[in-house]
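Make the complex out of the two chains shown on their own, each in a separate frame, by following the hints.
Chain by chain, the residues run as shown.
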Amino acid sequence: GAGVSQSPSNKVTEKGKDVELRCDPISGHTALYWYRQRLGQGLEFLIYFQGNSAPDKSGLPSDRFSAERTGESVSTLTIQRTQQEDSAVYLCASSLQEGAFEQFFGPGTRLTVL
Amino acid sequence: AQKITQTQPGMFVQEKEAVTLDCTYDTSDPSYGLFWYKQPSSGEMIFLIYQGSYDQQNATEGRYSLNFQKARKSANLVISASQLGDSAMYFCAMREALLGGYNKLIFGAGTRLAVHP
Numbered sequence: 258g259a260g261v262s263q264s265p266s267n268k269v270t271e272k273g274k275d276v277e278l279r280c281d282p283i284s285g286h287t288a289l290y291w292y293r294q295r296l297g298q299g300l301e302f303l304i305y306f307q308g309n310s311a312p313d314k315s316g317l318p319s320d321r322f323s324a325e326r327t328g329e330s331v332s333t334l335t336i337q338r339t340q341q342e343d344s345a346v347y348l349c350a351s352s353l354q355e356g357a358f359e360q361f362f363g364p365g366t367r368l369t370v371l
Numbered sequence: 091a092q093k094i095t096q097t098q099p100g101m102f103v104q105e106k107e108a109v110t111l112d113c114t115y116d117t118s119d120p121s122y123g124l125f126w127y128k129q130p131s132s133g134e135m136i137f138l139i140y141q142g143s144y145d146q147q148n149a150t151e152g153r154y155s156l157n158f159q160k161a162r163k164s165a166n167l168v169i170s171a172s173q174l175g176d177s178a179m180y181f182c183a184m185r186e187a188l189l190g191g192y193n194k195l196i197f198g199a200g201t202r203l204a205v206h207p
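Protein chains in written order, with this note's numbering: chain A, 258 to 371; chain B, 91 to 207.
Extracted from the complex, chain B is given alone in its bound form (with noise of 0.2 Å):
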């Protein structure tokens, strides 16, 4: 069965500084992909980057990259440059690509972010 762990429940950086959440998965699947969710106290789910398991590269979007190491089945997102509006849960999820189609996502417990000024 898929599976996705966050071990960190909550982490904390200074403004300003870079921070990595940790993410690891598991899967038989050959074909996946791999997402970061950001969510606010006000509960809405924020996408924020998605990586294939095919993609060459990392991904990266703005301040967020993903860490992709496929060998050992990990997707860190780090985060740049930290700001105070970056304090939040953030969910890494992974797309399970059934014979549907369809993408069901399977997510973590998430992490806790707090930036402090």
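Isolated chain A (complex conformation) (with noise of 0.2 Å):
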């Protein structure tokens, strides 16, 4: 069956310019994470959604990070005024509802900020 899939693969902007990043997450899957990894590190926590609402924002860096989930399926990270330290691999992960323990991860998408 499909996976979480993410587009694009990759993208590469200019300081100061808004960024959209698209995650699809599994079908019937009603608990969406959005996670950041910096080169060579780990995995940060940015963002949970259960259905469309999105209870846990704690992980956002900062206000020019926000997020949205439409019909508890897509959902968009953007990035606003694009700093070059956002440049990142922004992972999306489902699972099948809120206390499920498995995450099920997208390919991510490379996002270089010149």
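Misleading hints may appear alongside valid ones.
Claimed, not checked - Simulated crosslink set (DMTMM-like; lysine to aspartate or glutamate; CA at most 20 Å straight-line):
| # | chain 1 | residue 1 | chain 2 | residue 2 |
| --- | --- | --- | --- | --- |
| 1 | A | 314 | A | 277 |
| 2 | B | 160 | B | 186 |
| 3 | A | 314 | A | 301 |
| 4 | B | 93 | A | 342 |
| 5 | B | 93 | A | 313 |
| 6 | A | 268 | B | 134 |
| 7 | B | 160 | B | 116 |
| 8 | B | 163 | B | 186 |
| 9 | B | 93 | B | 116 |
| 10 | B | 163 | B | 119 |
| 11 | A | 314 | B | 186 |
| 12 | B | 163 | B | 145 |
These are computed hints drawn from the structure, not numbers from a lab.
See below:
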């Protein structure tokens, strides 16, 4: 079956521009997570969605970062006025329900801010 | 605060030998879970194995086993009979079970494993 998909796979942008990263979770998965992975480091939690609501936004590093989810499916992570320190791989994961242990990860979007 | 520590930035192992990747954790929550993920050079995160804090026996999944020592707060991954395809980054992670019932994962910095023929 189809796994978690993310688009684009790579994004190169100029400092100060806005970017949108998309995540399509596994069909039927109600829980969705965004993580950031800087080069050579582990993953950092950004935000969690249960359905269309985001009860935990504690990992968003600044107010330039926002995310939404519509139709209990697709989620979009938006970074406004990008900075070079935003360069990272952004990974999305979904799980069947909020209490489910296993998170299924997408392939990630590699963002490079010049 | 919860924390995962992986002290081995890189490890080498000969093909067909066993290797242990270290992971220690810190939490005050009596209920938690520990994961190991593999990340090949292609970038995807592949779930390997899970251990719950109340599980009595160490988790095993094929060639992967988790050496869970609760008193020492360690959850080392043992890979038996290493294969060339095991070369990858390996991440230890802890499930932070929050009041909302969901599972935020806290990751360690990772260990890069290289399997030599």
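Against the structure, the hints:
1. Proposed proximity of residue 314 (chain A) and residue 277 (chain A) is supported: the alpha carbons are some 17 Å apart, at most 20 Å.
2. Between the alpha carbons of residue 160 (chain B) and residue 186 (chain B) the distance comes to roughly 16 Å, so the proposed pair stays at or under 20 Å and holds.
3. Restraint check for residue 314 (chain A) and residue 301 (chain A): satisfied, since their Cα atoms lie roughly 12 Å apart, inside the 20 Å limit.
4. Between residue 93 (chain B) and residue 342 (chain A), the direct Cα distance comes to roughly 23 Å. Violation of the 20 Å bound is thereby established for this hinted pair.
5. A distance of roughly 19 Å separates the Cα atoms of residue 93 (chain B) and residue 313 (chain A); the hinted pair therefore holds under the 20 Å criterion.
6. With a CA separation close to 17 Å, the supplied pair residue 268 (chain A) and residue 134 (chain B) stays within the 20 Å bound.
7. With a C-alpha separation of about 11 Å, the suggested pairing of residue 160 (chain B) with residue 116 (chain B) holds against the 20 Å cut-off.
8. The straight-line distance between the Cα atoms of residue 163 (chain B) and residue 186 (chain B) is roughly 15 Å, inside the 20 Å bound, and the hint therefore holds.
9. For the given pair, residue 93 (chain B) sits about 5 Å from residue 116 (chain B) by alpha-carbon distance, which is consistent with the 20 Å threshold.
10. For a cut-off of 20 Å, the pair hint linking residue 163 (chain B) to residue 119 (chain B) stands: about 12 Å separates their Cα positions.
11. Restraint check for residue 314 (chain A) and residue 186 (chain B): satisfied, since their Cα atoms lie roughly 15 Å apart, inside the 20 Å limit.
12. Proximity of residue 163 (chain B) to residue 145 (chain B) is assessed by CA-CA distance (about 14 Å); at most 20 Å being required, the pair is judged to hold.
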